[in-house]
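Protein chains in written order, with the numbering used here: chain D, -5 to 323; chain U, -5 to 323.
Careful: at least some of the hints might be erroneous.
Cut-off 16 Å, straight-line C-alpha distance, at most; resulting in silico cross-link-like pairs (EDC-like, lysine to aspartate or glutamate) [said to hold, decoys possible]: (1) K127/U with E161/D; (2) K275/D with D208/U; (3) K127/U with D281/U; (4) K127/D with D278/D; (5) K127/D with E161/U; (6) K255/U with D302/U; (7) K255/D with D184/D; (8) K255/D with E292/D; (9) K275/D with E201/D; (10) K275/U with D278/D; (11) K275/U with D219/U; (12) K275/U with E135/U.
Here are the simulated distance ranges between beta carbons [claimed, not checked]: (13) R290/U with A68/D: 50 to 58 Å; (14) E34/D with R274/U: 45 to 53 Å; (15) Q59/U with R276/D: 29 to 37 Å; (16) H294/U with E245/D: 50 to 58 Å; (17) S300/U with D208/D: 52 to 60 Å.
Cβ-to-Cβ under 7 Å is the rule here; a few derived chain U residues that face chain D [said to hold, decoys possible]: (18) L83; (19) P89; (20) L101; (21) I147; (22) H163; (23) R276; (24) I279.
These are calculated hints, taken from the structure and not from any lab test. What you are looking at is a predicted structure, and each value in this text was computed from that prediction instead of being measured. Note that the Cβ used here is the ideal one computed from N, Cα and C, for glycine as well.
There are 2 protein chains.
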Amino acid sequence: MGYHQSRVLITGGLGFIGSCLARRLVEAGARVTIIDNLREYHGANFFNIRDIASEVVVHSGDVRQRHVMEALIANSDFLFHLAGQTSHLHSMDDPLTDMEINVEAQLNLLEVCRQRNPGIKIVVASTRQVYGKPCYLPVDERHPLQPVDINGIHKLTAEQYYNLYFELHGINSCILRLTNTYGPGMRIRDASQCFVGSWIRALIEGETMRVFGDGTQVRDFNHVDDCAEALLLAGANGTANGRTYNLGSGEHISLLALARKMATLGDGGAYACIPFPPERKRIDIGDYYGDISLIRQELHWTPAVSLDDGLPDTVAYYRRHYHQYILPN
Amino acid sequence: MGYHQSRVLITGGLGFIGSCLARRLVEAGARVTIIDNLREYHGANFFNIRDIASEVVVHSGDVRQRHVMEALIANSDFLFHLAGQTSHLHSMDDPLTDMEINVEAQLNLLEVCRQRNPGIKIVVASTRQVYGKPCYLPVDERHPLQPVDINGIHKLTAEQYYNLYFELHGINSCILRLTNTYGPGMRIRDASQCFVGSWIRALIEGETMRVFGDGTQVRDFNHVDDCAEALLLAGANGTANGRTYNLGSGEHISLLALARKMATLGDGGAYACIPFPPERKRIDIGDYYGDISLIRQELHWTPAVSLDDGLPDTVAYYRRHYHQYILPN
């Protein structure tokens, strides 16, 4: 896809999606540099790049540090910006930190691109959370943008930065609005990246998977391999410049049906519906699934891994590598 | 209107609109505290409060400083948040400073309210710039929000904060989307608050008023007295809680017609159409005027000062007090 010998910078490259992308880029012959703040809470884990550790350059640093970003960006052809604070709950408890990471750092990064390397191509991970509570389903990219939590507000602000810098300064970027992503490398200590992580942990530990509410709310899911493929297509294809695309699977499933499916993967895995904790209820978006026609048409992306294939492999991965993801208390 | 003996905090109270509001509140018997960073570039001018200086408390400080805001907010019934970076051009040159003032400080301020004084009522000055290039005219509050510059993006982010803190934390606030505001107390050194300021200066100095483009673009205007009245109504009326209203005059005028009108107020005032400077052209929004039905209906606000009445008085004010607003070079 045109990445051979190209210089690629991945922010958050030790994390869940960033490490999967790094692996694909190494396979494609790219020269990959990772910058990561190593915060386990944000998903950084050296184990995620164990097989490519000698083939990538890893910098420990924070995207909020301008001097760090300047040198790295000046020497890159592609920037995949995956570093971020992803927890909706945490964004409500500590909104200023979420702002620093998801707003200030992105603006800083774009300013560095404008001043030091306006020819760079950026692919940025945004989130379906920018839509807020869906007005209709499936949600397409023209849906109103009415985020219901601080994290959603900040991701939307960042999207507007990328669009503005594309329109006014000609900085090429593509925004992907990710939905629930699962697969090897995800954080399973808690639900801060995706609740599926905490369900996998419960399944392996013989605990009950907790479904909030009555479990009828529907969601869509992407396996991390499909997500990485979309990132690669968005970076390589000029059609994607200045564009915003939903990811998703084109299908949807209720949380109860998902829990039932996952329970079959454990040794008598249990699940239970429990009332929404109030701090989650107030920022819950109800039913969601995305329309992925646009990225199918324009970038020819088609998700290839079904839940029925992806979930068993993922659970098996965490059974094998449990202690790499659950630190002793 | 219920401000008698109430404790009112005005951020940016030495500025154009803040000082006019402070005067009205002092007349209404409120106990007014002003916090202002004294930055002349942002419009701070002690001359603006010369007649009420002994009746208000003025703190020199920045809304970005949390410890300063904590004590002030804890002891206030009303907060009028008028401090801000208003220059669209400046926001493009130095986007991170605009972010600190128009995003970070607002989030900080709301966090302080949530933690220290959730019963406070906030009225916040936003801007028509959140709409971007109008899709239709007049622009009502349901118009898409597609800002075309950094300042517009940041003001929109702040609006979303206020709405979220109202919905989730019950912090009462009202957002007013201001349009071009003119009148005594405005900055006339340059066009950073409103281009009318720079036209007034040109008129008084016998220079040519510069109209960008062909002058056919239309705008609407509010006299600062009408703007202050809207702020007061929004603060006093519970109907306004959680609401967003356009200001405006319900009328519109082309920039050429405005220049012609203003030229009659000088001694042979001159004006000329000149090509848009590129840095202005790329963030120009074309024609704009707002629909003010909503605030008319819900708060019974009616702008009372026409351009034909307000402009001569304003120009006369600056003839009298020129040296209070134009510092020697």
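Violations among the numbered hints, reported as their numbers in ascending order: Violated: hints 2, 7, 8, 9, 10, 11, 12, 18, 22, 24.
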